[in-house]
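Trainee: Sequence:
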Amino acid sequence: MLRMTRLLAGATVAGALAVASVGFAATADATPVPTPEWADLKAGTIVTAMAATDPGVVYTVSSKTGAVTKITDGVPDSTWGSAGSMVSPQDMIALPDGTVVTANGKAGTLTHFDADGNAVSIKLEVSAEAQSLTYLDGFVYVADYANKLISKVDPIANAVTEASFATVSSNPIRITTDGTSLYVQNGQEISKIEKDKSKAQSFIALPLGSLIGSIVATSTGSVVAADGNDPPGLIVYSADGKTSKKITTTTYVNGLAIDSHDNVYGSSTNSNQVVMLPRGSSSLSTLTTLVSKNPVKPVAISVSDDGVLYAAGYETGLVSAVPLLATISSAPLSASVTVDTFFTSTITTAGGADPVTLRATALPPGMELSGGVLSGRPTTPGTYTFDIVAVTPAGESAAQAQTIVVTPAVAPPTPGPTSSNGGSSNTGATGSGGSGRATLASTGADLVPFGAAAGLLLVGGMIAAGAAARRRSA
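Per the working numbering, residue 243 is the first one in the sequence shown, and the count goes up by one each step.
The hints are simulated quantities; they were obtained by calculation from the structure and are not laboratory data.
Wrong hints could be hidden among the right ones.
Said to hold, decoys possible - Think about it this way: if two alpha-carbon atoms lie no more than 20 Å apart in a straight line, the pair counts; the simulated DMTMM-like pairs of lysine to aspartate or glutamate are:
#1 535 with 557
#2 439 with 482
#3 487 with 472
#4 439 with 396
#5 437 with 404
#6 439 with 379
#7 394 with 339
#8 306 with 282
#9 441 with 367
#10 390 with 404
#11 484 with 431
#12 394 with 379
Let the sequences and hints guide you as you build the complete structure.
Mentor: In structure tokens form, the structure reads like this:
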């Protein structure tokens, strides 16, 4: 599903993703590695809205010139399309087919661009003011500020289906969706419109004097709003609209975007930062600071389905890219280990939004992945090939294949039989249980043991030598 956002407005469809895990283990803290000057649109360019579509492809629109720029892998094409120099585009969304639509403010029109930048203009109600857009179930919904209407447009037929799909109590400024219902900020309230009921209901009553800059809705129906009142921050409203919690920041949040995992991101022009509110969290963190040779001053932001956040600067002409996914930086493992022998190897990651964890599948029996360390004593011989992926709140990395060959233990050689006095028996003879005698295998005749025979020879020699000495003395 595509993600889109605009200056002071977010129009997104959020879908929750449950990640099954085997052997999850936290690694060291991670920091995204941004490219602050991913694309340069020329200083002075005012980017009103942007939309990320295919990997590495981003569209921006300028309210000053009406020009729509297509950026591919950091290379901008400023002549790709135009909504018209006499209109003032206020919003842009990307459709599932990769085409884009702009809402052209007081011109009361939408412009639908095909993949080649060819434009078709769609006229709304008389005196309409197309302020904000969102996409839901095959239709584009438009916040008509002047007529206090929500209009429904068929982007395939490029025609208005229902000019007065719903009426709201005050001038609608922003519209978004949770994938099921529509949410409209109008005046001092946020209205909710069920897609099959065409009737706006008061959902959230905003405090008097509220300065809500942008809204997004999560897949569970909660609404997140950027609050410009002091102290600045984000307000998270419950799915029933009855409770809220403000999360303060040290700087104002200008634009909001949401990814398919319900993580919310905010741009801050003054601090050059992008902040992140992870799904289910009640605290904001600074995702990155966008400063290179020059400050980016991010305003409009958008998150692509391949896990990259893009931010366009206010009048700086700079567009930044911030990868939200981590990568596995250690080399693929290819090792051999003997069964029941301790083995250990460290798996490292780079980049990505905190927290980064590792997930492994089909580890060799007896081994585990913990704290970024793969270790254990494998218990079963065999060749094991398994994948490890790095997982962040925004998704997971490409899998890296690992191979461990577990070999059987080598048995020690079996020693031969030994005699009782420590000597080895001769071939052709068998021990006799330590009796001091040996039996000739072929005949069974008794043999005098070698030690006894040597003793007899020594005694006989001594007797003979003594006899010879007596004869000489005689």
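Trainee: If a hint holds in the structure, say so; if it doesn't, say that too.
Mentor: These are the hints, each one checked on the structure:
For a cut-off of 20 Å, the pair hint linking residue 535 to residue 557 stands: about 15 Å separates their Cα positions. Taking the CA atoms of residue 439 and residue 482, the gap is near 18 Å; set against the 20 Å cutoff, the hint holds. At roughly 15 Å between alpha-carbon atoms, residue 487 and residue 472 fall within 20 Å of each other, so this suggested pair holds. A threshold of 20 Å between alpha carbons decides the hint, and for residue 439 with residue 396 the separation of about 18 Å falls inside it, so the pair holds.
Pair hint residue 437 plus residue 404 holds up; C-alpha atoms about 12 Å apart against a cutoff of 20 Å. A threshold of 20 Å between alpha carbons decides the hint, and for residue 439 with residue 379 the separation of about 14 Å falls inside it, so the pair holds. Between residue 394 and residue 339 the CA atoms are separated by roughly 18 Å; this keeps the pair inside 20 Å, and the hint holds. Under the criterion of a C-alpha separation no larger than 20 Å, the hint pairing residue 306 with residue 282 is consistent with the structure, at around 17 Å.
In summary, the hint linking residue 441 to residue 367 is supported, as the alpha carbons are separated by about 19 Å, within the 20 Å threshold. With a CA separation close to 14 Å, the supplied pair residue 390 and residue 404 stays within the 20 Å bound. Pair hint residue 484 plus residue 431 holds up; C-alpha atoms about 13 Å apart against a cutoff of 20 Å. Taken as a hint, the residue 394 and residue 379 pair is honoured in the structure, with Cα atoms around 11 Å apart against an allowance of 20 Å.
Comparing the model with each earlier hint shows no violations; every hint is respected.
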